[in-house]
Amino acid sequence: MAAIQTTSLTKTYKDLIAVDELDLTIEEGELFALLGVNGAGKTTTVKMLSTLVRPTAGEATVFGFALGREDAKIKEIVDISMQETAVARKLTVRENIELFARLAGQSKTEIAETTKRVYDDFGLGKVANKKAAELSGGWQRKLSIALSLVTNPKLLFLDEPTLGLDVIARRELWRVIENLKGKMTIVLTTHYMEEAEALSDRIGIMKDGRLLFVGTKEELYQKTGKNDVEGAFIEVVSGGDGNA
Amino acid sequence: MRDSLSRLYALSKRNAKEIVRDPLSLIFMIGLPFFMEILFYLLFHKQTDQFQMIYLAPGIVVFSQAFLALFTGQLIALDRSTSLLTRLYVSRATSVEFILSYALPILPITAVQSILFFLVGGIFDHGLFGWRMPLAILLSLVTSLFFIGMGILFGSLCSEKSIGGIASILVACQSLLSGMWFPTEGLGDGMIALMDALPFRNATQLLQNTVLGIGNAWGDFFRPLLILLGYTLVAFVSAVLVFKKKMKA
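Protein chains in written order, with this note's numbering: chain A, 1 to 244; chain B, 1001 to 1249.
Hints were generated in silico from the structure; no laboratory data involved.
Don't be surprised by glycine CBs; every beta carbon is placed ideally from N, CA and C.
Be careful, since some hints might not be right.
What the hints assert, rightly or not - With a Cα cut of at most 20 Å, we get these calculated EDC-like pairs of lysine to aspartate or glutamate: (1) A:Lys131 / B:Asp1022; (2) B:Lys1161 / A:Glu84; (3) B:Lys1017 / A:Glu95; (4) A:Lys130 / B:Asp1022; (5) B:Lys1248 / A:Glu59; (6) A:Lys73 / B:Asp1003; (7) B:Lys1244 / A:Asp71; (8) A:Lys90 / B:Glu1160; (9) B:Lys1246 / A:Glu84; (10) B:Lys1246 / A:Asp71; (11) A:Lys108 / B:Asp1003; (12) A:Lys181 / A:Glu197; (13) A:Lys73 / B:Glu1097; (14) B:Lys1248 / A:Glu70; (15) B:Lys1248 / A:Glu76; (16) A:Lys90 / B:Asp1022; (17) B:Lys1013 / A:Glu95; (18) B:Lys1248 / A:Glu134; (19) B:Lys1245 / A:Asp71; (20) B:Lys1013 / B:Glu1097; (21) B:Lys1017 / A:Glu134; (22) B:Lys1248 / A:Asp71; (23) B:Lys1248 / A:Glu84.
As the list claims (entries may be wrong) - If you want the ones that stay clear, here's a sample from chain B, every Cβ over 10 Å from chain A, calculated: (24) Phe1035; (25) Phe1044; (26) Ile1115; (27) Leu1135; (28) Lys1161; (29) Thr1184; (30) Leu1198; (31) Leu1212.
Stated by the list, open to error - Listed next, with one range per pair, are the computed distances between beta-carbon atoms: (32) A:Glu70 / B:Met1191: 51 to 59 Å; (33) B:Val1242 / A:Thr7: 30 to 38 Å; (34) A:Tyr13 / B:Leu1026: 36 to 44 Å; (35) B:Leu1141 / A:Ile168: 48 to 56 Å.
Working from the sequences, and respecting the hints, build out all of it.
Printed below as a string of structure tokens:
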């Protein structure tokens, strides 16, 4: 079953076309990296598919549920880690996890299991009783991402998850994402080409709201004649003339 | 229904913790009015009736409620600025649950304010103790709704940086237009009419008249109550509409 299927999905803001007739299929269990320069339409696409933004035109289904008509069903199986850190600052790490677990309708036993799982996956146990506001930026980011896994989603959107993390924290997060591969469908937007290269099963490249390329890394290399994602990305978005 | 209540409980508990764990909120909502109640009573109660506890205590209760708007608004504005609200919006919680979760935790806080300031008043003026005090405490929950609604409205409209200034205007209005800090006899008819048309003096008089004893049911009780409820309704409806619009944006 396709996790995501869109047909001519479009979002416009007054005169700006943020996403232009997007046709995209992402299979269940896939880790799909969505690449693009700033303003390419990646975040708008993610926000539409996670029910946060209403499309202007087009159709989309998420695990068979129609976007716009069955948003409540979609919300039950989808979660998102936003570009910006989003945590309850005066709650402790444990209280943050419990809040999101309770909002997902988990029982006390399930909340305890979830908390343990998140502590183990992200190493958050050692700061469990610290208020989020007292954590460093890196730890806050880690908690923010961890909260999107509390609900055990079937489809997870990671919108530039490693933005602002140092190299060690980024590698740690890569390890977590790699562990998630196959357990859920993941759509990852990123500016870091090596991230897409290391983690993704397939890559989509967007520019000015349009999807210019979809395929595996090998297909991308073959199409562009390059042997790394960054070079191939520049080739695709510049249309071969090197100007993005 | 059960799921909805569980989400509402989780969000309300979180919002209560966010407010109570801010030392500034406790200073302004409890500490400052407590200090002012005692200070103004001790300094001026012999000079003017205005500062007799039977007038001062209900006035202080409503004055302290004006800070509820500031801290409710601040919490919402901060949640919006940090994307937490957007993030929570992907959960199954609805707009109504979000708005109620900001309003409900404030009620126990206002109950604490009201009980404390009436008890302090009663220590200085035993005449305050009696069956009218619990009635005034219950009514203070009604008067607080106006300020909570304004807080949700301000928080949905303003940025984290501007909310302090905007909410301070409301606190200033409550101070200047409630008639609690100065005698209103010398003011012109136009000013009195304005004060009577706005919610601030009506909220204060509703509680003052309740503890003093209601002579004229319409003028002393129902008229100020209805005016206040009208403003509360407008505040909440506007807050819900703006909150929903902002969330969609």
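Hint by hint, here is what the structure shows:
A distance of roughly 12 Å separates the Cα atoms of A:Lys131 and B:Asp1022; the hinted pair therefore holds under the 20 Å criterion. Simply put, B:Lys1161 and A:Glu84 have alpha-carbon atoms about 18 Å apart, close enough for the 20 Å limit, and the pair holds. Annotation: proposed proximity of B:Lys1017 to A:Glu95 holds, straight-line Cα distance about 10 Å (limit 20 Å). Restraint check for A:Lys130 and B:Asp1022: the C-alpha separation of about 15 Å stays at or below 20 Å, so the hint holds.
Taking the CA atoms of B:Lys1248 and A:Glu59, the gap is about 19 Å. The hint holds against a cut of 20 Å. The hinted pair formed by A:Lys73 and B:Asp1003 meets the criterion: a straight-line CA distance of about 14 Å does not exceed 20 Å. Between the alpha carbons of B:Lys1244 and A:Asp71 the distance comes to roughly 16 Å, so the proposed pair stays at or under 20 Å and holds. Between A:Lys90 and B:Glu1160 the CA atoms are separated by roughly 16 Å; this keeps the pair inside 20 Å, and the hint holds.
A hinted pair counts as satisfied when its Cα atoms are at most 20 Å apart, and B:Lys1246 with A:Glu84 qualifies at roughly 18 Å. Of the supplied pair hints, the one linking B:Lys1246 and A:Asp71 holds, its CA atoms being roughly 19 Å apart against a limit of 20 Å. With a C-alpha separation of about 14 Å, the suggested pairing of A:Lys108 with B:Asp1003 holds against the 20 Å cut-off. Only pairs whose Cα atoms come within 20 Å are accepted, and A:Lys181 paired with A:Glu197 is accepted, the gap being roughly 14 Å.
Using a Cα cut-off of 20 Å, the hinted pair A:Lys73 and B:Glu1097 holds, with the two alpha carbons roughly 18 Å apart. As the CA atoms of B:Lys1248 and A:Glu70 are separated by approximately 17 Å, the hinted pair is consistent with the 20 Å bound. With a C-alpha separation of about 19 Å, the suggested pair B:Lys1248 and A:Glu76 falls inside the 20 Å cut-off, and the hint holds. Between A:Lys90 and B:Asp1022 the alpha-carbon distance is near 8 Å, which keeps this suggested pair within the 20 Å criterion.
Only pairs whose Cα atoms come within 20 Å are accepted, and B:Lys1013 paired with A:Glu95 is accepted, the gap being roughly 10 Å. For a cut-off of 20 Å, the pair hint linking B:Lys1248 to A:Glu134 is broken: about 31 Å separates their Cα positions. This hinted pair checks out: B:Lys1245 and A:Asp71 have alpha carbons roughly 18 Å apart, not beyond 20 Å. For a cut-off of 20 Å, the pair hint linking B:Lys1013 to B:Glu1097 stands: about 13 Å separates their Cα positions.
Distance hint between B:Lys1017 and A:Glu134 is fulfilled; the C-alpha atoms sit about 15 Å from each other, no more than 20 Å. Between B:Lys1248 and A:Asp71, the direct Cα distance comes to roughly 14 Å. Compliance with the 20 Å bound is thereby established for this hinted pair. Distance check on the hinted pair: B:Lys1248 and A:Glu84 sit about 18 Å apart at the alpha-carbon level, within 20 Å; holds. Residue-level check passed: B:Phe1035 sits 25 Å from the nearest beta carbon of chain A, beyond 10 Å.
Once the 10 Å rule is applied to beta carbons, B:Phe1044 is consistent with being away from chain A; the minimum gap is 38 Å. Every beta carbon of chain A lies more than 10 Å from that of B:Ile1115, the smallest distance being close to 25 Å; the non-interface claim holds. Chain A leaves B:Leu1135 outside its interface by the beta-carbon criterion, the shortest separation being 35 Å against a cut-off of 10 Å. The beta carbon of B:Lys1161 sits about 16 Å from the closest Cβ of chain A, which is more than 10 Å, so the claim that it is off the interface holds.
For B:Thr1184, the condition that its CB be more than 10 Å from all CB atoms of chain A holds, with the nearest at approximately 41 Å. Look at B:Leu1198: its CB is around 34 Å from the nearest CB on chain A, clear of 10 Å, so calling it non-interface holds up. With 10 Å as the threshold on Cβ separation, the claim that B:Leu1212 sits away from chain A holds: the shortest Cβ distance comes to roughly 40 Å. Look at A:Glu70 against B:Met1191: about 57 Å separates their beta carbons, and that is inside 51 to 59 Å.
For the hinted restraint 30 to 38 Å between B:Val1242 and A:Thr7, the CB-CB distance of approximately 34 Å keeps it satisfied. In this structure the hint that A:Tyr13 and B:Leu1026 lie 36 to 44 Å apart at CB holds, the actual value being about 42 Å. Between B:Leu1141 and A:Ile168 the beta carbons are some 52 Å apart, a value that agrees with the proposed interval 48 to 56 Å.
Of the hints listed earlier, the one the structure fails to meet is number 18.
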